[in-house]
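Student: Sequence:
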Amino acid sequence: MPTWPRRGTASPTSCTAAPAGPWRGPPRRRAAAGSPPRVRSRRHRRPVGCATLPGMSEYDYDLVVIGSGPGGQKAAIAGAKLGKRVAIVDKADMVGGVCVNTGTIPSKTLREAVMFLTGMSQRELYGADYRVKKDITISDLFARTQHVIGREVQVVRAQLHRNQVDLLTGTARFVDPHTVAVQGAHRGEHHTVSAEKVVIATGTRPARPPQVDFDEERVLDSDEVLALEEIPSSLVVVGAGVIGIEYASMFAALGSRVTVVEQRERMLEFCDPEIVESLKFHLRDQAVTFRFGEKVVDVKVSESGTVTTLASGKRIPAAAVMYSAGRQGSTEELNLAAAGLVADNRGRLSVDEHYRTPVEHIYAVGDVIGFPALAATSMDQGRLAAYHAFGESARELAALQPIGIYTIPEISYCGATEAELTSSAVPYEVGLARYRELARGQIIGDAYGMLKLLVSTVDRTLLGVHLFGTGATDLVHIGQAVMACGGTVDYLVDTVFNYPTLSEAYKVAALDVTNKIRALDRFGG
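Using the numbering used here, the first residue of the sequence shown is number 1, and each one after it goes up by one.
Honestly, the hints are just simulated from the structure, not real lab data.
All C-beta atoms in this analysis are idealised placements derived from N, C-alpha and C, irrespective of residue type, glycine included.
Incorrect hints may appear among the rest.
[What the hints assert, rightly or not] Below, a list of computed lysine-lysine pairs in the PhoX-like style, where the Cα atoms sit at most 25 angstroms apart: (1) K280 <-> K300; (2) K295 <-> K314; (3) K108 <-> K91; (4) K314 <-> K280; (5) K108 <-> K81; (6) K108 <-> K134.
[Unchecked claim] The following label-pair restraints were derived from C-beta to C-beta distances: (7) R518 <-> G150: 52 to 58 angstroms; (8) Y499 <-> E332: 51 to 57 angstroms; (9) T289 <-> V496: 44 to 50 angstroms; (10) D93 <-> V496: 48 to 54 angstroms; (11) F116 <-> Q159: 42 to 48 angstroms; (12) D213 <-> L397: 36 to 42 angstroms.
Using the sequences and the hints, build the whole thing.
Tutor: Below you can see the structure in the form of structure tokens.
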């Protein structure tokens, strides 16, 4: 019987014959008390350093996923569910990806902490000065955030472990199209793994203009907000995209004087203008100043604060400046050239309808491929990429994708906008419901929320749903489901909704648009 070496110490000459049973890897080492479990696959794998034996794959894994965010997780788990040998690679402090550590989860948890501590959702009932805590500190906000991040990382690790996916911690770098080197945090922690298929799900990072001196204290990017040591008395937010407006609304709720600078003439251009105007009105009521059509040319930093200079000559003093002017694909460390890949000038990868890159066995999913760059869509992209890689049949990504913007108050929509329908010459009518007209809206103190339905005047099908206010990102799914089934506004008219709920807004808006369509018919429209 030949001697089978431990992984990592094998020599090709020692592997001359197969053992009696399948090789199941080295003996498991007991983890130190309190340390996270070391995840190892229990599936059969070729011993590292050994020649390929009959019945063995020439690769260490069937699938290696680079990046453990939503897209990477789902790709890895989908591959494992198909019975494949799967490994996922990410840095030790980034398990769960940007989504869990610096992006979606921290920012949304921070928003909930802000909403609760400032009493924002109760001020309509108890007055504009109402607060749960008068002097809110940064530690009050981030204590909850760090707790949730820690729990989410545990969930990710547990899911990978349960599905027998190897978690390899370190920085991934292509050696060739099928081989990835993993460099650990410490010197000497270096090894390579090979795979038949590879999925890149490395996400994005904030774009940093080269002329701006980011010091992580006064001048920050959106990922560094979590490192603030105190709530700034005033803040300049550069960029009125989703991330910029979300943080602008949070700091305005905390009492910071916020100025938003945006090169374009309006914000959130992809959203319904009426909904955006409602948000702008609400933010202006929170003393937010907007500078549209303006470009930042310089930021000066001193011990007392910052001065931001605009191309128009305006100068804005503030305690801090936060840049949220776009994001860059996190591909610079991958050595893409070794894999035969090239990223665009924003670090993003091009893919086909199956999320396959120009290199046939390499796929890319999530924010690193660009629009829509949402955690929800990334999850489905990862699953579908893994299915296609291994020839598993699957439906394409659903055409109807809900968009959620977690401002205070929040925005959400699904389907067409009025501008899109108008440009396509699609006849439609609008139905509106205001939260202040609902008993539930009065109970929770939301007098500004609204729901807007866009309905075809030809066949009464639901074409679009747009919401602003409490629970918008949850309520949108009712409209999404009706549209996905090809439903008409009559379904919403005939449906009985619980009372008192915000869901009743659908019935109110449906009755509103039905009456408008009836008026058209009555007058011969």
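Student: A separate judgement is required for each hint: does it hold in the structure or not?
Tutor: Here is what the structure says about each hint:
1. K280 <-> K300: Violated: K280 and K300 sit about 28 angstroms apart, past 25 angstroms.
2. K295 <-> K314: holds, 10 angstroms
3. K108 <-> K91: The hint holds at about 23 angstroms.
4. K314 <-> K280: The hint holds at about 22 angstroms.
5. K108 <-> K81: Roughly 30 angstroms between the alpha carbons, so the hint for K108 and K81 is violated.
6. K108 <-> K134: holds, 22 angstroms
7. R518 <-> G150: 52 to 58 angstroms: holds, 55 angstroms
8. Y499 <-> E332: 51 to 57 angstroms: Given a distance of about 55 angstroms, which is inside 51 to 57 angstroms, the answer is holds.
9. T289 <-> V496: 44 to 50 angstroms: holds, 45 angstroms
10. D93 <-> V496: 48 to 54 angstroms: Given a distance of about 50 angstroms, which is inside 48 to 54 angstroms, the answer is holds.
11. F116 <-> Q159: 42 to 48 angstroms: Violated, at about 29 angstroms.
12. D213 <-> L397: 36 to 42 angstroms: holds, 41 angstroms
Checked against the numbered hints above, the structure breaks hints 1, 5 and 11 and satisfies the rest.
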